[in-house]
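Residue numbers (numbering that gives the first Met the number 0), protein chains in the order written: chain A, 0 to 209; chain B, 0 to 588.
Be a bit skeptical, because a hint or two may be false.
Restricting the straight-line Cα-Cα distance to at most 30 angstroms, the calculated cross-link-like pairs of lysine-lysine (DSSO-like) are [as the list claims (entries may be wrong)]:
#1 B:Lys-35 / B:Lys-71
#2 A:Lys-209 / B:Lys-148
#3 A:Lys-103 / A:Lys-116
#4 A:Lys-112 / A:Lys-67
#5 A:Lys-103 / A:Lys-197
#6 A:Lys-182 / B:Lys-90
#7 B:Lys-71 / A:Lys-116
#8 A:Lys-23 / B:Lys-71
#9 A:Lys-182 / B:Lys-371
#10 A:Lys-182 / A:Lys-103
#11 B:Lys-394 / B:Lys-441
#12 A:Lys-182 / A:Lys-161
#13 B:Lys-71 / A:Lys-209
#14 B:Lys-148 / A:Lys-182
#15 B:Lys-71 / A:Lys-103
#16 A:Lys-161 / A:Lys-122
#17 B:Lys-532 / B:Lys-510
#18 A:Lys-23 / B:Lys-148
#19 B:Lys-90 / A:Lys-112
#20 A:Lys-122 / B:Lys-71
#21 B:Lys-561 / B:Lys-532
#22 A:Lys-122 / A:Lys-182
#23 B:Lys-90 / A:Lys-122
#24 A:Lys-166 / A:Lys-116
#25 A:Lys-122 / A:Lys-103
#26 B:Lys-371 / B:Lys-441
#27 A:Lys-103 / B:Lys-90
#28 B:Lys-455 / B:Lys-371
#29 A:Lys-116 / B:Lys-90
#30 B:Lys-510 / B:Lys-441
#31 B:Lys-364 / A:Lys-67
#32 B:Lys-441 / B:Lys-455
#33 A:Lys-154 / A:Lys-166
#34 B:Lys-364 / B:Lys-455
#35 B:Lys-90 / B:Lys-71
#36 B:Lys-394 / B:Lys-561
#37 A:Lys-112 / B:Lys-71
Derived list of chain A stretches under chain B, where covered just means 3 residues or more per stretch with a C-beta under 8 angstroms from a C-beta of chain B [said to hold, decoys possible]:
#38 95 to 109
#39 122 to 131
Bear in mind the hints are in silico, worked out from the structure with no lab data behind them. Here a beta-carbon is modelled for each residue, glycine too, at the ideal position from N, C-alpha and C.
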Amino acid sequence: MLELLLAACLQDAEVVGTVTSLDKPRSRGTRRYPGSKTGEHLRGPAVVFLDGVPGPFQPSERPRLVQKQRQFSPLALPVLKGTTVEFPNEDEEYHNVFSRSSAKEFDLGRYAKGSSKTETFDKPGLVRLRCEVHSHMHAVIVVLENPYFTVTDDKGNYAIRKVPPGKYRLYAFHEDYEAEDRKADPLRVLGRDVEIPKTGSVRADFDLSK
Amino acid sequence: MTRISFGAKILLSLILTTAALLGAALFALERTYDAKVEELIRGRIRQGDSNFRQEQRRMIEALAYDGMHLSKSQRIFSCFEEERLLSDAAKSALYEVEFHAIAADFIAILTDDGRPIARLIVRPGAVHTPMERSPLEEQPVGSPLPIGKRLIEQASPEPCREFLVDGGRLFFCEAFAILEREAFRGVVVVGRELDDRTAAQMRELQGEHDHAGFLVGDRIVASSLPADQRLLAAAALSPHLGSRREIRTELSGRPYHVVVTPIHRPGTQPLYTATFVSLAELYEFRSTMRRRFLLLGAAGLAISILLSSAISRGVTAPVRALVAGTVRIARGEYGHRVHVRSRDELGDLAMSFNRMAHDLETQEKVRGVLNKVVAPEVAEELLQGDLGLGGRLVKAALLFADLRGFTALTQNMRPEAVVAMLNEFMTAMSAEIFACKGIVDKYVGDEIIGVFGAPKSYGHDAFAAIEAAHRMRRRLEELNETRSGRGEPALAMGIGIHAGEVTAGCMGSEKLMSYTCIGPAMNLAARLCSGAKAGQILISEATLREAGEGAEVRPLDPIRVKGFDHPIAVYEVIEVAVGETMRRRTRYT
Numbered sequence: 000m001l002e003l004l005l006a007a008c009l010q011d012a013e014v015v016g017t018v019t020s021l022d023k024p025r026s027r028g029t030r031r032y033p034g035s036k037t038g039e040h041l042r043g044p045a046v047v048f049l050d051g052v053p054g055p056f057q058p059s060e061r062p063r064l065v066q067k068q069r070q071f072s073p074l075a076l077p078v079l080k081g082t083t084v085e086f087p088n089e090d091e092e093y094h095n096v097f098s099r100s101s102a103k104e105f106d107l108g109r110y111a112k113g114s115s116k117t118e119t120f121d122k123p124g125l126v127r128l129r130c131e132v133h134s135h136m137h138a139v140i141v142v143l144e145n146p147y148f149t150v151t152d153d154k155g156n157y158a159i160r161k162v163p164p165g166k167y168r169l170y171a172f173h174e175d176y177e178a179e180d181r182k183a184d185p186l187r188v189l190g191r192d193v194e195i196p197k198t199g200s201v202r203a204d205f206d207l208s209k
Numbered sequence: 000m001t002r003i004s005f006g007a008k009i010l011l012s013l014i015l016t017t018a019a020l021l022g023a024a025l026f027a028l029e030r031t032y033d034a035k036v037e038e039l040i041r042g043r044i045r046q047g048d049s050n051f052r053q054e055q056r057r058m059i060e061a062l063a064y065d066g067m068h069l070s071k072s073q074r075i076f077s078c079f080e081e082e083r084l085l086s087d088a089a090k091s092a093l094y095e096v097e098f099h100a101i102a103a104d105f106i107a108i109l110t111d112d113g114r115p116i117a118r119l120i121v122r123p124g125a126v127h128t129p130m131e132r133s134p135l136e137e138q139p140v141g142s143p144l145p146i147g148k149r150l151i152e153q154a155s156p157e158p159c160r161e162f163l164v165d166g167g168r169l170f171f172c173e174a175f176a177i178l179e180r181e182a183f184r185g186v187v188v189v190g191r192e193l194d195d196r197t198a199a200q201m202r203e204l205q206g207e208h209d210h211a212g213f214l215v216g217d218r219i220v221a222s223s224l225p226a227d228q229r230l231l232a233a234a235a236l237s238p239h240l241g242s243r244r245e246i247r248t249e250l251s252g253r254p255y256h257v258v259v260t261p262i263h264r265p266g267t268q269p270l271y272t273a274t275f276v277s278l279a280e281l282y283e284f285r286s287t288m289r290r291r292f293l294l295l296g297a298a299g300l301a302i303s304i305l306l307s308s309a310i311s312r313g314v315t316a317p318v319r320a321l322v323a324g325t326v327r328i329a330r331g332e333y334g335h336r337v338h339v340r341s342r343d344e345l346g347d348l349a350m351s352f353n354r355m356a357h358d359l360e361t362q363e364k365v366r367g368v369l370n371k372v373v374a375p376e377v378a379e380e381l382l383q384g385d386l387g388l389g390g391r392l393v394k395a396a397l398l399f400a401d402l403r404g405f406t407a408l409t410q411n412m413r414p415e416a417v418v419a420m421l422n423e424f425m426t427a428m429s430a431e432i433f434a435c436k437g438i439v440d441k442y443v444g445d446e447i448i449g450v451f452g453a454p455k456s457y458g459h460d461a462f463a464a465i466e467a468a469h470r471m472r473r474r475l476e477e478l479n480e481t482r483s484g485r486g487e488p489a490l491a492m493g494i495g496i497h498a499g500e501v502t503a504g505c506m507g508s509e510k511l512m513s514y515t516c517i518g519p520a521m522n523l524a525a526r527l528c529s530g531a532k533a534g535q536i537l538i539s540e541a542t543l544r545e546a547g548e549g550a551e552v553r554p555l556d557p558i559r560v561k562g563f564d565h566p567i568a569v570y571e572v573i574e575v576a577v578g579e580t581m582r583r584r585t586r587y588t
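Kindly produce the complete structure, drawing on both the sequences and the hints.
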């Protein structure tokens, strides 16, 4: 109630919600390899974004995807198309960041601590990041057309603020959440239509286990 | 039955025993060796099985490394991101092979529904050293692999291993799940080839002449056998393929004991491992052993023969001596003794033999003495124990003979000469009495008394006495010729014969007796003798009657004899046929 009033006072609307089952996202079909234990691996947050918000938009940030303690950080990085991302190696050892995703195929080669490489992502889509040296390192860069995106917090909550009013489609994406259909766009598996008013808060929740 | 000498029997039995023992020993030795050989073969077979298991373990370990790296490769993960990237799987695999020094001979990558997207096989004759590796070559992806399907469909995570035949080559493979976090992306199959080098390595762990091999169907795909023996081996083994079998065969003249074991695998083509245990060395040793044994055996047999001969001679010589001894004893040579010194039963036997011979000799001496003292027939009857003191009335012919002019003749002779002369005379006359089977009752000075018909009658006693007298007369003539040749005077003899009843028997005392005749008939015969002139033979009528025909006689005047009532008619014997007594005696037998 109070939120609605507050929202009414503000000029913009927002989309908020909770993404659940982040630790147990649905896998493809019923075919999970029995008893598979690949060790403890981190699960990243979900990326929540809006499709259809008209632009144009210019990248304003220069995010950093750090390699530290043999992990990528953050594990999920949504960026606006055209953004340049830095990949500093803050670890003692070498890493070799590469991706074969259609949205951006690149290979940074091996570089040592203290070094950093950059890459510009100018095609929208999902970029799965890998480290050639470390088989468990994983991260995703989600290249989007508009800046109306966010990542969930550690409780699974998200909020996309200052959304212009209109009818859009809202998606929640997690790198381990798989659609039944292989050929489907992995980014846009879990989505729903939303109508954003002039002001106010729209709530949308997602359950990754479904 | 042919006669085999005692010595030959001993020799033969000793030789046969030795030969039998040697034969039995050789038999036992060979059986023992054969059993040992069987054991050895079993051991080598077990070694072969163990080698194969060990090889598999080695490969499993190696494949674990290969599989781990390939199934966790980010490059390979990335191939499964999009459909278009699937064909990069081979390149990604080659990259990892290089990066991690993976030594697999076979790599296949499949999608999570078993579709093959990459296949890499090493060139034939691959090298597996850390420094040098033959490259893997990309092949067409081929058809789905059953091992992949198995991995995908299995309900729990088990090791998924299989023997794979690809392009006529044999690989041992394991399938690993490609898991990106828990997501099952696909399958990587890694394999090591079972080729000639593998077989050679397996064989190195075994006997140096043994071999190992692998068969696909009835074809040998890998083996440590030399090229020329492979086809032979395949041909030899092919009729026996099926369950685990053991066969004996020869390859290029070398004998082998082969064990063929099927390798359990799902799929169409049967696979087998084969262990070839070389028998040549074992057989050779057996031959050598047998040869040596036979040589030793022959030597032993030769020694045994020599020894047997010595022993047998040691036994047979005494035996033959004893046999010869008995022959001579049988011939009457009682003086023969057998000389056997051995301290055993044969020695005892010889001693007994000699004692027996001595006894016989003594007996013979006694008999001889006895015969000299009494007539042989008397001696015989005495020895037989028939005669004791006592006499019996018998019909006999009595012959009295003595020398005429004895006293005058011997007056001037030395006593030794007299004895010598008498002995010569007595010997000659006695011989003629004995010749007609009479006995000499006694010698009294120059007189001989002969008895025909006692103790034993041979028939025709009277005639025998007459013939004996005639023979004595002729014999004396011969003797006189001899005497005159020596310059000695001639002897003159008169003989009287009477056939009648006498009492004949041993007379005297128990300790000292003599066999003699008494009775009136004796007197008569004595009277006839004293009435006979030199060279004359006078017989009584009774004698003539008893004798019957055959003697030419001339009657003389009767004489009166004390003890007889009537006068006794006397006849003189002119001629008698010599040998007639014998003829008469044998005629009626």
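Numbered hints the structure breaks, given as an ascending list: 1, 5, 9, 12, 17, 24 and 31
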